[in-house]
Structure formats: C-alpha cells, structure tokens
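Top to bottom, those sequences are chains A and B.
Mapping of the first sequence onto our numbering: position 269 corresponds to residue 269, and the numbering continues sequentially without gaps.
Counting the second sequence from 1 gives a position; our numbering is that position plus 1000.
FYI, nobody ran anything at the bench for these hints, they're computed from the structure.
Note that the structure is a prediction, hence the values are computed from the model and not measured.
Below, simulated DSSO-like cross-link-like pairs (lysine-lysine); rule was C-alpha separation at most 30 Å, straight line: (1) A:221 - A:134; (2) A:221 - B:1018; (3) A:69 - A:82; (4) A:215 - B:1018.
These are the residues of each chain, in order.
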Amino acid sequence: MQSEMPVKPQDALRGFVFTASGTSDMRHKRRLGESLVQAFLFFCGVVSILTTLGIVFVLGREALLFFAKPEVSAWEFFTTTKWQPAIGNFGIWPLVTATLVTSVIAVAVALPLGLAVALYLSEYASPTARGTIKPIMEVLAGIPTVVYGYFALTFMTPMLRSIFGDGTVEIYNTASAGIVIGILILPLVSSMSEDALSAVPRSLREAAYGLGATKLETALKVVLPAALSGIAAACIVAVSRAFGETMVVAIAAGAGPNFTLNPFRAAETMTGHIVRISGGDLSYDSIDYDSLFAIGLMLFLITLLLNVVSQRVVRRFREVYE
Amino acid sequence: MGESANGGAGEFAAQLPKRHRVGRVWFLFFLSATVIGIIALMALLYTVIVQSFGFVAIENKIDPATLAVAGVPLEQLDSAQLTAILQQNLSAGVMRRYESEQPFAERSRDNLYALTMERVVQPNLVGSWSLIESIFDRRTIEAEVAREHPNARLVFRTWLRPSFIVNAQASSAELAGVRTAILGSLWTILITLVVAFPLGVGAAIYLEEYAADTRLTRLIRTNITNLAGVPSIIYGMLGLAIFVRLLEPLTSGAMLGVTDPTVANGRTILSAGLTLALLILPLLIINSQEAIRAVPRSLRQASYGLGATRWQTIWYHVLPSALPGILTGNILAISRAIGETAPLVVIGASTYIVMDPNGPFSKFTTLPIQIYQWTSRPQAEFRNIAAAAIIVLLVMLLTLNAAAVLLRNRYTRRV
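Whenever a hint applies, use it, and build me the whole structure from the sequences.
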C-alpha cells in the first residue's frame, strides 16, 4: 500500500517540462493540493509525538524545578514516609503505599474474575449466552469512573462496614476503592484475555479432546498456555490502569496522605493527591504546584514502563499458528 | 487383548468421574465469576436508582401559605407582588445587590419566584431517605420526622425531576440543577470533537495510506499505542501547563479580544476541550485506522486504474466506505471524553457556576465534575442529587451509543 505510487523528486520536477508534442505529462504533474493535503496529514500523525514530547517536557521541567528547591531533596523524597508540604516534609512513600494497596486489591479482584469470565465466554458459553454477557461487560466498561467512585462510597463502603464493623472500617478506606477499581478493570481483563483465548486455533482443542482430555483440562492445560502472552499483557495493562485510576480513589479512599498498609484505613494515593490539591485554589508558584508534577512524572514513568513491558511480552512470547 | 491394556482402561475409567467432578467445580467458578460481573453492574444501577428517589423532610423558614396575597397562593403571584414580598423580607443592602445584578423590573416572573423561594421561603432539607428505606420503613421515618422536626413535612421526592434538569447550579440541594453542567459538557465536547476528529482521522489516513515503513512511522505507531495507556490525569497536568498557563492569552480569549468579564485566566472551555481532544486522540486514531484498513484493496486499485490521484482515491472511495467504522469508533471515544473527570478537575474546572457558559472562553463545569463535587459533600441530600445527575449522564452516554449503532446500521446497508 505504501509503495503504490512512489513520487521521486525528479518526477515531480518533470511535471513542469512540456514534452515535444506539446502536451504535459499528466502522470508527473505537480499537484499543489495533493502536497498540501499530504503535509497536513503528516502533521496530524506528528501531533501524537508532540503530545508525548509535551508530557515529558512539562512533567520533567516542573519536577526538576521541584527538586531544585532548597527545601526539597531527592533523597528525602524517595526515602522518608511523611508527606506534609505545609511544613516541608516531602516523602513520597505514604502516597505510594496507598497506590500499592488499592492497586493490589484491584488486581486481586480483577485478575481471577476477569480470567474466569474470559474462560467461560471463550470455552463454555453458548452463542446466546455470549451475545448477552459481552454487551453487559461492554456497558460496565463504558460507565464513567466518577460513577464508580459514587458506587464505592455509597454501596461498597457501607457493605464493608456492615461486614467488618464500623470500628474496623473507616468511612474512607482503600479497600472499598480497591475493590471497585477491580470491578472497573474487570471488563478490560476479560475482553483482552478472551481475544487471546479465541485466537487459539480449534485444532489444538480438538487434539486435546482426541487424547481424552476433559473440557477443563483442555481449557487450562492447552488453551490457556497457548494464549499466555495475550493474557500476561492483559494483566500488565490492568495493573497500569489500576495505578492511574483517579476518580474512585479521590472519592472513596480518603483525603490526606497516610503511611499505612491497612486497607480499612483512609489513605491518599498519588492520583488522589494530585486531584485534591489541584482542585483547590492553587498558586502556580507554590511548591505544592511543583510537587504535583514530581508525583505525576513518577506515575507517568511507572505506567509507561508497564505498557511497554506488556507490548514486549505480546511480541516476544506470542505463539504463531498456521 | 492384554492384561495391562485392560488395567489401563480400568484406571482411566476409574479416574474419569473425579476428573469430571473437578471440571464441574471449575465450571461453577467460571460461571459464578461471570455472574458476579453482572451482579456488580446491577448493584451499581441499583445504588444510583435507590438514591434518586425517596422521602425528604422539608422545613420552610417561612410557610409559603403566609405569603399569599389576598387569597392568591405564592405560586400564582405576578412579578410586582413577588417583588413586593422580596422587598418586605430582605434587607435594603441585599436588594441593592440584586438590583445591580439585574434590575427587578427586567427580571422574569420565574426568576423572581425562584429568588423568593431561595431567599424568603428558604426550604431546608432536614432529612432524606433512600427508596428502599422509604418503602419498607415508612412508619419509622414518619415517627422520626414527627419527633425531631415537628414543623417539617414529609414528601416523596423524585430527585430526577424537570426542575433539576433546567435549574442552574445552586448552593442548596433543594434548588440545584444541572443545566449549567449539561451546557458545559456539550460545549466542551463540541470543542473536543472539532479538534480531535480531523486530527485523528488525518493521522489514521497518513499512517494507513501514505506513510512508508520508515523509522519515524514506526515511532509514531508505537507512540500512539503508548499514549493510549497514559493515565488521564497526566493529560490534565499537560493541559494545565500548556493550555491553561502557557497559552493563556489564547485560551482565555484575551488574544482574540473576547474577554469574558467572569474569566480571569485560561481555565476555560477551550482549554478543557483541547485537553480532552489530546486525551482521546490515540483512541480515535487506532479506531479510524482499523476502519480504513478494512476497506478492500481492490477499491483503491480500481480508482488508481481510472487515473485518480492518491488524495482523490482516499476522498472519494476510501473514506466513504470507511466512514461507518470511523463514526462508530469515534462515538465510543467521545463518550469516553464525556465521562472524563480527573483531567478537568486538574485543569481547574470551576465547581460553582450559576451563569450558563456562552462560548469557548467561559468558565465551565461539566456533568461528571458536578457529580464528583456533590458526591464529596457530606450531606445525604447531595448524594441524592449526585445520583440524579448520574442518571442524566448515563442517559446521555446511552443515547450517544445508540446513535453509534443506528449510524452504523444505516451506513452499512447503503454501502
């Protein structure tokens, strides 16, 4: 497709030269409109690169400004456990632990459930069941995250409090946010995994049945390993989504950094902190403003790393079938 | 037939029931996981619906019946009578402030009535119950209201009522509505659409039809995939630094001489729309690419064979047949932008706006931000209006998605 009509520079020039018979060579006529259109389309393609450069530049520059301030040291940033910008304590760990707790809970909910849904849909479900369940999962995936936040606060938290007791579970807690993020990324895991499972050729399943394997043995010992690269990628993308999820934690996990691993306590994640601080009246010259970009840079790098790894996993370990 | 073969078959047969049992147990696990997913969706909808209906106890500061003029109830008074009531009950200073905002003589009757309700009657919610409580614990609720708020009356409230849709934002849940938020959302999406649609489709055409397999092209492709995985809040920070601060003269309208008196900075609809455009661009490019790739090669070759140039081929043949796919994909991307909250909070959407946005340079709030704001309030009645706003948002998204399906079906039949 790319090389259908190669335009060489000398061809373009020749368009101006009239041939001996006096007619112009239409094939090589230089068309200004065509070139303009192509330039515009090229610009459209480059916008995405500009966006990335913009993100890296903006986050990097403000984060550098932050670390250059006398009251901040990078060492303190990565090693201490208190985040109190008002009195000059900038230790990222309370925000990181909260992010970890919510993400671990979310992934612990979404992975087993998502995989099970994918296995059910690709190996067991009848066409009618698939036709009903897949749209339901798509609806789940299409609901805005702020609605999930509302759900966490008005449904999940009261439920957790009635199960474990009001004394143990605080009104804002990371467990509720984590579980709801898990529900939020469940459709992502299930649809990515199902795509991977469905791509495994039928012949593999038939060979397994021919050897006397049961349906479950075929699914778990033949199909699942064959689709492993796609499933691993789904898992990594799910972790990255859980890390970057914002509204659920901003609403349900609590306001105020708290260095704890207890999922029933309130704690603020990296994303939750960014939203809360920037939602207020924020002066552009304050150290708070710059600190947000340092957190943002960390978040960007972590999720970028996870996404790149997931693409590598797919490319590297993909089983190719005839 | 040998002994061992018989023994092997026997062993196989003996293990078979156990293997099938294990199979059934796992099958039940797979099935229940699917059911849990469905239950989660049900629970979510249940929570929202249950919260948007139910009893409320309302206590008026002044009983509207006492404001009736010569037997005509408050709701039927005309503008002059309402102005008179306002004059009797409000201090001169407050009256002067309202007069300077908009002279009383020019105000509409509805406006005056709303003002009377807000400033004079001052309905105050003293309690609110969910639908389930209202149905099953009605006696308890009645007893509680009679005991604790003897002056209050108990009303069954449908929070999602017409006045909720048409009212502007207000500080009390009783009078608040989502009109400003809906208009803000629509304006923002319009900007997003105008910017992102040409850019996204253009990039997709470039990648599918023009780009040779160079290093730059590969870089663009990888980059788009990676951008699609960047958390939305990062785009908010990009928008804050670039559109709100760096391009402030442009996004606040100062450069074009359209300064809105209420705007002091670049935190405008234009900034929000541009930020969301960047956010959905990767998704849009990927979807459009898929649609363009699905157009058969023979169509292009036939066009080239007739002497069409590359752009003529794309414009007259490739794009029309890729259009249904592009539209469907893009409507899904746009519904994502409508529900997006975090980046807009970061670029500084105003949370309390009474004035309708009137252009790209207005301050704004959007429906999801309004929901976030109301959900964060501790009072129960704000949870109720948040639930009602969620229903409005979900209906908007549902309409868009239905439109996507209809469009797709219509175009597919024609092409």
